[in-house]
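Q: So the chains spell out like this:
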Amino acid sequence: MDQKEGLCAANWANSSSGNELPQQISSDHPSYSSFGSQQHQQKWEEPSILDYGIPMEPPFREFDQPSKIQASIPPNPNNQAKILDQEDVRMHDALQANRIQNWDPSAMLNNLSFLEQKIHQLQDLVHLIVGRRGGVLGRPDELVAQQQQLITADLTSIIAQLISTAGSLLPSVKNTLPAAMPSIGQLSQPGGINLPTGPGMNGGVQPLNNGGREYFEQSNQTDFTAKHGAEQNYNMEEHESKDEEDAEEGEHLPPGTYEILQLEKEEILAPHTHFCAICGKGFKRDANLRMHMRGHGDEYKTAAALAKPNKESSSEPMVIKRYSCPYAGCKRNKDHKKFQPLKTILCVKNHYKRTHCDKSYTCSRCHTKKFSVIADLKTHEKHCGKDKWLCSCGTTFSRKDKLFGHIALFQGHTPAIPLDETRGSAGQADHVTGIEATNIVTSNFNFGSNSLGGNIALNIIDAKGSVDDPITCFSPLNFETCNFGGFHEFPRPPFEDSESSFSFLLSGSCNYSQKTGGESSSNDLE
Amino acid sequence: MKEPRTSITKMANPFDILTEEIILAILDHVGDDPFSKRSFSSVCKSFYYIESRHRRGLKPLRSDLLSRTFHRYPSISHLDLSLCPFVDDNALKAVSLAWNTTLRSINLSRSRAFSSIGLSSLVGNCVGLVEIDLSNRTELTDSAAKAIAEAKSLERLSLSRCKSITDIGIGCVAVGCKKLKFVSLRWCLRVTDLGVGLIAMKCKEIRSLDLSYLLITEKCLSHILKLQHLEDLVLEGCHSLDDEGLATLNYSSKSIKMINLSHCQNVSHIGLSSLTNGAESLKQLILAYGPAVTTDLAKCLHNFSGLRSIKLDGCLVRSSGIKVIGQWQSSLEELSFSKCKGLTDECLSFLPQTLKQLRKLDITCCRNITDASIDSITKSCTSLTSLKMESCSLVSKDAFVLIGQCCQLLEELDVTDNEVDNEGLKAFSRCSKLRSLKLGICLNIADDGLVNIGNDCSKLKEIDLYRCSGITDRGIAAIARGCPALEMINIAYNKKITDLSLTSLARCSSLKVLEIRGCLCVSSVGLKAIARECRKLAVLDIKKCFNVNDDAMLPLAQFSQNLEQINLSYCSVTDVGLLSLARINRLRTMTLLHLTGLTPNGLAAALFTCGSLTKVKLHTSFKPLLPQNIFKYMEARGCVFHWRDKAFQVEIDPKGWQLQLERRPEAS
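Those sequence lines, one after another, are chains A and B. The working numbering applies: residue 1 is where the first sequence begins, and numbers increase by one. The working numbering applies: residue 1 is where the second sequence begins, and numbers increase by one.
In case anyone wonders, no lab produced these hints; they're calculated from the structure. Some hints could be false.
Quick list of in silico lysine-lysine cross-link-like pairs, DSSO-like style, CA-CA up to 27 Å [claimed, not checked]:
1) B:K226 <-> A:K402
2) B:K179 <-> A:K402
3) B:K204 <-> A:K402
4) A:K382 <-> A:K353
Work out the full structure: start from the sequences and follow the hints.
A: Okay, structure coming up:
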């Protein structure tokens with residue numbers, strides 16, 4: 001039973017990787033209108049991973065982890081997309097919009113053809129596995145698992161490249177790449193850990209479903225933090241940088257051109273905003289309420305009743321609504337001299353909780369950071385412990401520049417040196433693995449499993465850290481020596497961010513090879 | 001006979017009548033010369049005692065002997081360990097305990113084997129530490145920087161080439177050492193804008209900042225330019241600096257005096273003008289290998305009336321640009337066009353009218369200039385003290401006569417590879433202040449010219465006669481007789497030089513550097529005379545002096561105790577000579593290629609004996625023949641081996657120098 005499932009899975013992976021991916025890459029989606037703005041592109045970039053990931057089935061089941069993370073990071077600006085399909089469309093739009101601006105067609109072509117090549121190789125590999133399947137029927141599950149890992153890893157690396165390729169089109173590579181790359185690391189990291197422990201193929205489907213559902217819920221929960229700004233990707237974790245305020249900074253609506261609404265404190269703090277007129281049950285979302293209403297009778301099951309109520313009203317000219325904070329003296333209060341209105345009710349809620357309420361949620365890991373918005377806590381908990389930039393006062397930062405800003409601000413605070421003072425030697429070790437990894441990639445694609453993203457990162461760190469001669473450091477030679485045919489144009493993240501984000505990524509890929517690399521490489525493709 | 005002696009011994013030391021204050025005052029005037037201090041302390045016990053208490057600076061040869069000096073010299077404030085390749089944490093700890101109250105400055109730029117632990121005890125015990133030089137310590141990490149950060153009174157810090165130190169370490173230093181004034185972060189490749197920006201924000205006292213070859217941008221420069229006391233800013237090879245970024249700088253430093261933008265390929269006159277905007281006190285500008293010298297560049301520096309020195313080495317020069325420089329309000333004292341492309345007579349003709357004050361001029365390898373330029377230079381720049389014009393091949397011999405006649409204040413003159421002849425040298429002899437004269441590859445000069453130099457330039461300290469094929473012993477003898485202060489002489493590849501030259505040079509007792517490479521007629525006899533008389537000799541190159549053998553090595557080993565560097569390649573020296581040389585306890589560098597008389601055992605014995613070696617150049621064939629444990633042993637002592645695989649060259653002129661040189665007169 002197990003093996004049968006596995007066979008299916010392999011086929012699946014084969015077909016999905018062999019056919020779908022190239023299509024998505026090579027066709028340029030000219031038919032999609034571009035309604036995504038710049039911000040959308042950045043935000044939707046990560047969800048794209050999981051959109052690809054989910055249909056790809058068992059090998060990608062580990063994506064449920066990153067999907068949670070990703071979904072919570074990129075907020076939906078329009079507060080609408082709640083259905084996966086919509087997101088899919090939008091993602092394509094984003095990709096499409098990406099291509100429109102600032103793209104180097106030849107580089108792109110290079111990347112795409114390389115991807116195509118890789119996918120073909122993978123296809124051959126899967127064919128091989130399928131072909132041998134009859135012979136190995138009696139073999140233990142271990143082998144099946146290993147082969148799946150192999151494919152998983154290869155697919156991961158393809159996806160990593162695809163994302164990077166897309167990322168290269170974005171106007172500011174500086175922001176997007178570091179944001180995108182860690183996600184790759186996250187993709188590959190859990191892969192190695194989950195797979196071997198997975199209870200065969202039967203169990204394999206289950207987590208996927210969970211993952212899908214979880215993602216769905218998560219996006220529902222989090223997309224209300226609707227805001228713009230690319231820095232959002234980073235800043236969620238530092239709640240002091242109140243996102244709604246950042247976003248408003250650019251907006252200068254002349255007073256009087258919009259309607260000011262002010263909710264009362266109780267309203268703001270009420271857990272539910274939508275109540276069932278029949279049974280009184282409260283809901284956070286109108287959509288959930290409408291779903292609930294179906295249970296109260298057939299009249300609520302019609303398409304009209306289930307449809308979004310404000311769909312029709314959107315055609316009418318809308319009065320711009322802005323919100324005021326009920327807290328007197330607050331800058332967001334309408335009586336303030338320099339009043340800056342809040343854009344949505346959600347902004348009001350988050351603003352009020354963050355600014356005027358106690359921070360009652362404590363991080364269960366570090367027991368120091370406190371939050372008043374639970375979503376903030378969740379975002380923090382995902383990063384907690386991974387913050388590598390540490391101040392002598394005990395505060396941790398996920399970004400080096402934030403740490404230095406903090407130190408510049410306070411007297412007597414110094415950067416703290418991480419306990420493992422081995423970063424230099426670690427860099428050298430990475431260097432070695434980097435070379436090994438590239439060798440593997442170029443040799444026969446056997447174990448490109450260390451993911452291409454990882455290689456790039458290694459190259460970069462390499463160039464930055466362990467190369468003694470500055471001339472080679474600056475020259476592109478360095479990249480070329482560890483390169484993969486025709487992939488010279490591959491986007492290189494800027495130095496500054498690379499270190500922070502990539503060492504994180506590195507740890508991911510290292511883990512992976514530790515867990516799985518040993519056994520599977522000995523096995524190889526014999 | 002016996003009586004007077006006993007009376008002398010009974011009599012108190014005649015120097016006892018001098019009070020300690022007087023002796024200390026004498027010592028103050030003795031200066032830094034180690035030889036005079038040594039002789040002073042060997043006068044008598046009390047002198048020895050007082051000198052050892054008076055001594056402030058120490059430059060030990062070996063770190064293993066360091067512990068003996070703790071007691072002898074109790075008040076050392078400046079410790080230079082650059083001759084000790086091996087200094088470990090324990091040594092640093094001992095140093096810090098011995099001189100905990102007095103130590104102000106320590107140089108560890110050539111020492112290995114210590115870590116942050118040693119630094120931490122050093123900094124912890126020596127509270128008054130003001131200066132630390134940790135250059136070249138590539139293995140030091142952020143924890144070392146953190147240890148340094150505890151030195152609260154630190155003013156000078158050099159971390160050049162500390163490639164493992166990152167922003168975090170620099171951040172610690174910036175927060176800890178608030179009084180820093182002179183900071184060098186050259187080649188600290190892992191330090192970025194963040195670290196540099198923080199150090200500029202936290203250390204407000206900074207005077208001098210070297211950020212060469214860092215990947216920094218204008219982000220940190222904006223903080224640096226806000227420093228109130230900044231005077232020197234070195235931004236050599238900062239490739240990530242560009243015009244666009246520099247244009248965003250809003251601040252200008254009024255105090256800045258020197259800016260070095262060498263090798264900044266992405267900075268043109270636009271970036272330069274944004275950086276120098278408002279820099280009222282700018283005195284020196286170094287733009288070597290940078291932007292082309294155009295009208296725009298010259299115009300943007302037009303208003304710096306205080307500008308005294310500008311270096312444009314290796315830049316592309318446009319005559320229009322030089323024309324504008326000629327109209328500057330400032331009166332330049334130093335101008336360097338070394339290896340400039342496009343420097344012509346026309347360019348230089350624009351300059352001298354306004355450059356009456358010029359002291360130093362460098363036109364090395366400006367091959368387009370002719371007599372016309374020299375004519376205008378000599379007319380206007382009569383107060384030149386330094387002129388470097390190597391390989392100005394179009395300048396005729398008459399021009400050099402003019403130089404000698406007009407620029408009599410010259411102290412430094414480099415006419416290597418030029419057409420200068422005896423008449424020129426005769427004219428040069430008018431420059432009675434001449435300290436350094438370089439005449440390498442000047443084929444037209446002969447003994448008569450050197451006799452003139454020897455007669456009149458008594459202050460000469462350096463003379464370079466490399467491949468001057470016309471000179472003989474007579475010329476050298478004249479130099480040796482007339483220039484008693486001579487410290488450096490190069491007479492390499494002169495076939496006519498014999499032992500007589502060396503015996504006459506032996507009277508220059510302050511000779512430190514002697515290069516007689518390829519002087520085939522020189523033998524051990526001449527070298528013996530040098531060894532006996534020139535006790536300060538530090539550098540000796542006798543490569544391809546085939547006649548020099550062990551006879552010369554024994555007196556060298558006996559008398560030249562200050563020898564630091566020797567090249568013995570191709571000589572007839574054997575194991576015996578080398579072993580005796582190994583006794584010289586200052587010997588640091590040896591080059592031993594193609595010594596036919598040398599056996600592996602003899603070499604190994606010499607290497608083991610010579611405790612102060614830091615660099616040995618050997619032929620690859622010795623590698624398998626030496627006992628293998630010697631490499632580990634030498635490495636632990638801090639010695640580095642350089643292996644060469646050159647073939648044995650019997651002929652003295654393998655590259656056909658002589659042929660080239662003989663052809664040249666025909667060509668011209």
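Q: Go through the numbered hints given earlier and state which of them the structure violates, listing their numbers in rising order.
A: none
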